[in-house]
Amino acid sequence: MSVITYREALRQGLREALASDERVFLMGEDVGKYGGTYAVSKGLLEEFGPERVRDTPLSELAFVGMGVGAALGGLRPIVEVMTVNFSLLALDQIVNNAALLRHMSGGQVSVPLVVRMATGAGRQLAAQHSHSLEGWFAHIPGIKIAAPATIDDARFMLGAALADPDPVLVFEYPALFETKGEVSAGRVDLSSARVRRQGSRVTLITYGGCLPKALQAAEEVDGEVIDLRMLRPLDMGTILESVRKTRRAVVVDEGWRSGGLAAEISARLMEQAFYDLDAPVARVCSEEVPIPYARHMEEAALPQPAKIVAAARSLSA
Amino acid sequence: MSRLALLTDMLRIRRMEEKCAELYSAGKIRGFLHLYIGEEAVATGCMHALDPEDNVVATYREHGHALLRGVPMGAIMAEMYGKREGCSRGRGGSMHLFDASRRFYGGNAIVGGGLPMAAGLALAEKMKGQTHVTACFFGEGAMAEGAFHESMNLAQLWTLPAVFFCENNLYAMGTALARSQSQTDLCAKAAAYGMATLRADGMDVTAVHEAARRAREYAAGKGPIFVELRTYRFRAHSMFDPELYRDKQEVEEWKKRGPIHNFSARLKADGELTEAQFLEIDARVMREVDEAVAFAEAGTWEPVEDLTRDVYTPIPPSAHDPLVRGSA
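As they're listed, the protein sequences go chains S and V. Numbers 1 to 317, taken from the numbering used here, label the letters of the first sequence in order. Numbers 1 to 328, taken from the numbering used here, label the letters of the second sequence in order.
These are calculated hints, taken from the structure and not from any lab test. Careful, some of the hints might be misleading.
[What the hints assert, rightly or not] Chain S side only, calculated, beta carbon under 8 angstroms to chain V, not exhaustive:
{"id": "1", "residue": "62"}
{"id": "2", "residue": "85"}
{"id": "3", "residue": "88"}
{"id": "4", "residue": "91"}
{"id": "5", "residue": "92"}
{"id": "6", "residue": "93"}
{"id": "7", "residue": "140"}
{"id": "8", "residue": "165"}
{"id": "9", "residue": "166"}
{"id": "10", "residue": "289"}
{"id": "11", "residue": "290"}
{"id": "12", "residue": "294"}
Everything numeric in this text was worked out from a predicted model, so none of it was measured. All C-beta atoms in this analysis are idealised placements derived from N, C-alpha and C, irrespective of residue type, glycine included.
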């Protein structure tokens, strides 16, 4: 076992994918010569050459759609959209082609496409570069949404996504890029949530960049922390098992509260565990404002450990 | 190339679609129905120039393209009925005819949405070292979309084996080309990306065929090419279109250039076709149409219990990781 950063884990996952299957190629903006905006793909152009590590122009709509076409054509494309903010330019290809082609064709085709993108706020990048839109994508049948928050998931979720016959969007969290940990498992699944900390008083349900915040808060409230890992499909079994034990739940989600993923999880708990709960489900989400630049204002807009602790304690009052 | 085969195929599209319009009025076909009537020379000339191994990406006005790609007329008709025997199992309808076995990657109903996908299919062929080309059909309206410009740039930059067939029927739904695009010389737009271009009379099936043949050959060896085919839609945009945006006189003028009428007249003048032979071909085509309708009528409705199938690809149990648990 070796201790590596989340960033290095992502790079190792990419390298292994390119080395182990010649149908796999990587394309996106500045993935090659520049080495990746977050240096995730550094060195891969030199190792695998320009056919398989392709720098694209700033044409998110076209190169995501080309990923769809290349997947239909028998390849295993990994498309990097630099950040989720720019994925808005490619929504048509993700929503109308990647997600729908299988169903719309009566099951004749599969689209084994992987789209990777960085996501989340917390680095004073202001409103246009601080979106957390995983919940939007998780709304759509036909695609799967992966949110690696640990070193193991950063290392191995890409391989699992490539092995999956359907389109998988993998969200990567720059807020976690410098976190370190041991690589253990040799592979991971794309279907289950995981309990990251045992606790007995309250279940804190979260994913991605909020996981360390939830773990920190859990220390103060004897919380059980669930890392969703997959935002579609959702593993309700793991959530329900924990909530039936703690009888309280706080959903922590960097997305906005209105119409978001936390609302979905809260609704499912109401539908499936209403009589197991001792208190209403609480939510800690981003405030309903564009994410501001100034540091203190940005911190105030995002979920923070103190807010999670306060929400958890409010359930025991 | 048999000129009679070209005529027959144009007629097959025409008669099939006339029947579709009738069935639409009868309530058998619902949703949107975009007829290709008047434009048959384009699909016919192009599809006859392609190899069976080539990929095809089409638009929501794709009944003719699907038919000439080899999708049985009955499967197309059943699809429009929404029957399980349809070429997309009744999940797609008129705008989403698919046949993966014939590399027909669908009717795409988002204008311009097929272009990036076609470029990706072409990229796959190139990376696999194949010589198949990818044919992408779209209207001139799509050329105002960003997807067109981004795809042109990438296709040329990476010299992808793709033929971009622009079916210029002069109207993007109800908006005339000159009212919506600052540059109406469509080839100039493709040329701006350094792409080779060709232009042909889309009302003349042999001219289309020759242009498509040359374009396919070029794409297979040298890279992408843009082909403008000037044509005209005789019918409304869809079944809901009152046609307020064009003069009846203009439509009548274009009808004089009707691709089937003019081509059959030419074949007769050249001594390749008699009126009796034409009637015999037409009767044969009508029988195919009748059989297609009978096939669709006899088709079955997919049980509602199957509603959620084909959202995701079934993964065989053996492929499951033993770690896997959880639920949807």
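Structure-based check of all given hints:
1. 62: holds (3 angstroms)
2. 85: It is violated, given that the least Cβ distance between residue 85 of chain S and chain V is near 17 angstroms, above 8 angstroms.
3. 88: Status violated, d = 13 angstroms.
4. 91: violated (11 angstroms)
5. 92: holds (6 angstroms)
6. 93: holds (6 angstroms)
7. 140: violated (10 angstroms)
8. 165: With a closest approach of 4 angstroms, the residue 165 of chain S hint holds.
9. 166: holds (5 angstroms)
10. 289: violated (30 angstroms)
11. 290: Given a least distance of 25 angstroms, the restraint on residue 290 of chain S is violated.
12. 294: violated (34 angstroms)
Checked against the numbered hints above, the structure violates hints 2, 3, 4, 7, 10, 11, 12; every other hint is satisfied.
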